[in-house]
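Asker: Residue strings, one per chain:
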Amino acid sequence: MSGQVLKGVMTYSEKLDLLLELVSGCRSLADRLGAPLSAVLIGGEVEENVRRKPIRYGADRVYVLEDPRLGSFDTETYKAALLKAFEEASPEILVIGGTKRGKELAPRVAAALEAGCMTDCVSLDLDEEGRLVGRRLTYGGSTVAEEVFVRKPQIATVPPGVFKKAEPTEREGEVIMLEAELPKPKVKVVERREKPRVGFRIEEAPIIVAAGRGFSKREDLKLAEELAEVLGAVVGATRPLAADYHWFKEWIGLSGRKVKPDLYIACGISGAIQHVAGIRDAKIIVAINKDEEAPIFEVADYAVVGDLYRVLPALTKALRERLKG
Amino acid sequence: MVEVIVLMKDIVDLAEIKTDPNTRRPILAGLPRKISDVDKRAVEAAIRLKEEYGGRVVVVSMGDEDTRMALKEALAMGADEAYLLMDQAFEGSDTLATSRVLAAAVKKIGRYDLILCGEMTLDGLSAQVGPRVAELLGIPQVTYARSIKVEGNRVVVERDLEEESEVVEAPMPALITVVREINEPRIPSLLSIMKASRKEIKVWGREDLGLSAEEVGSAGSAVKVLDVRAPPMERKRIIIKAETDEEAAEKLMERLISDGVLR
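So the sequence lines, in the order shown, correspond to chains A and B. The working numbering puts the first residue of the first sequence at 1, with every later residue one more than the last. The working numbering puts the first residue of the second sequence at 1, with every later residue one more than the last.
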C-alpha cells in the first residue's frame, strides 16, 4: 500500500444493525480527520431501501457489492468483495463488525493488505498525529490494552454494543455500485442449522441469577430458578455449565455473552477471569460461594460465604415475604 | 494419511496473574508459562486425527528458550516433530509480523494437509493468526471448529457461530481454528514424557526462514502496545457476616433494597 495516499474511514459488517452502529460511532473519527465516512454492503441482493440506510446514520458514501455469488457468507469471496470497496475508496481506517464472521474476515483482509489489525476494540480514538488508538481486552479479559497503529491502513474490529446507533436523519450521500472479480468458494456449507432461540436476550436482563459449578446436578438449578422468579430475573450460567454439561444454550463471559445488569447474583461461581470479564459492567455484583478463597469475591460488592444450597432458598424465602408486601 | 501442522503458543498462566495495586499493570515477570488452553486442544485434535487416519503431527511455536517446555509437552502428547522459531529479531511482533514468521515456517516444512491452531490465544485475544496464515499461504480456512473429520481429500468440520451451527467441507490443504469444546486434551504418561525429552527440537531463526529484518519484530509490525492495565473495578467488597443462612439472606436483601436494585 506504500506510496498511495489513504484517506477516510470505511465501515463494514454483514449484520446491518451492527453496520449502522459502526457508521454512527465512526462519524466523529471521520470528522476529526476531515475525511469521508463510507459503509460497505455486500450480499446476493441488497434492497433499495437498505442501500441508503447507512447515509441516514452518518455515512457519506455507500459501496454496494451485489452478486448472486455473495448470497451466503464465504470468507474468501467476501474478502474479495470488501477488498474491491477498499481499493475504490482507499480509506486509512477500516472498521469491521466484530461478529464471529467479521473476526474471521478482518485478519484475512488485513493479511492481504499487509496491514495491522486490532480485534474487539471497546473504544477507538485518534492521537495527536491522527493515528488510530484502540483499547481492547487482553490476558483473558483481566486487562485492557491501549494500542496504536504505526502504519496504515489501520484495521479494527468492534463488537456489537460498543457504539450506539445515532438518530437517523435525512442527509446527502452517494450510493456507489461496484462489481468485483469473485473467486469460486472453496469451502462448501453442507448443513446450516439455526440454533434454537433462547427467547430473550440476556444482555438486556436487569437482574441475572447466574449458576456456576457449585451446582452439582441439573435438577438443582431450580434453586436459581426460584430465586429468579421472585426477582423477575433471568437465569444465566458460566461456560462449563453450557459448553461442557449442556445445561444451557449460552454462557456469560468473555467468549459468550457480556452482560450489564443492575444486579448480578453469582451462585457457586468461582470467578475465572474470562467470566469476570463478561460481568464487569454489572452495577451490583453479589457472590455466593462456600469457598471463601474464591476469586469471585474480589470483584463482588456483597460476598456471602456459604453453601448455595442453603443460602439461595433462604434468600428466595426472605424476598418472597418482603416483595409480596 | 493426514499430515498436520499445529501452530501453538505458550502463554503465562492466566490464573496466576496479579496486578500491581498502584499502577494496575499486570505483573508478568517470573510467571509460569503453559500451552494456551485452546492451542493445546488443537494439538490434541491433530494427534487424534493421526491416530484415526495415520500420518504425522508437527508442532510449531514462535517463542524463546522457555518455549521448549511447551513443545516437549506437545511431543509427549504424541506430536512427531517440533520446531521452535526463535530470534531476537522476532521481539515485539504483532499479529502481522507473527503470521509472517509462522507462514514462512509452514512453507519451509512444506508437507501438510491441515494446519490447526486455537481460535485465539487467551493472552492476546486477537484471533487473527489462523486466518492471516491461511491468507499468506493462499489456502481456505474454517474457523471455530468443534469437530474435524477427514473424507478423502476433503475435511469436514462442524462449527459454531452466534446464531447458527454449520457443517462445512473444505478441500485440503486447509487451515482450521478450533474452539475449546473440541476435546479434552490427554495427560501424557511418564514414559512418553521421558521419550519426548530425548526428541530434538529444531530451532529456526529469521535467516533460516528467509525473512528480512524489516518483516519481523517491532520493525515489521503495524500495531504498538502503549499500555496494559487492569480496568478499575470499583466494588464495595462487603462481606455479609451472619450466624445463619437466614440472617445472611435478610442482611443481603436489606443491602440490595437500599441500593435500589430490586424492583
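A few of these clues could be false.
Said to hold, decoys possible - Residues on chain B that point at chain A, a partial pick, calculated with CB under 10 Å: (1) L28; (2) M194; (3) G205; (4) L252.
To be clear, the hints were calculated from the coordinates, so they are not data collected in a lab. As the structure is a computational prediction, the values presented were derived from the model and not from experiment. Just so you know, even glycine gets a beta-carbon here, dropped at the ideal spot from N, CA and C.
Asker: Against this structure, judge whether each hint is valid.
Answerer: Structure-based check of all given hints:
1. L28: Since chain A brings a Cβ to about 9 Å from B/L28, closer than 10 Å, the hint holds.
2. M194: violated (32 Å)
3. G205: violated (22 Å)
4. L252: holds (6 Å)
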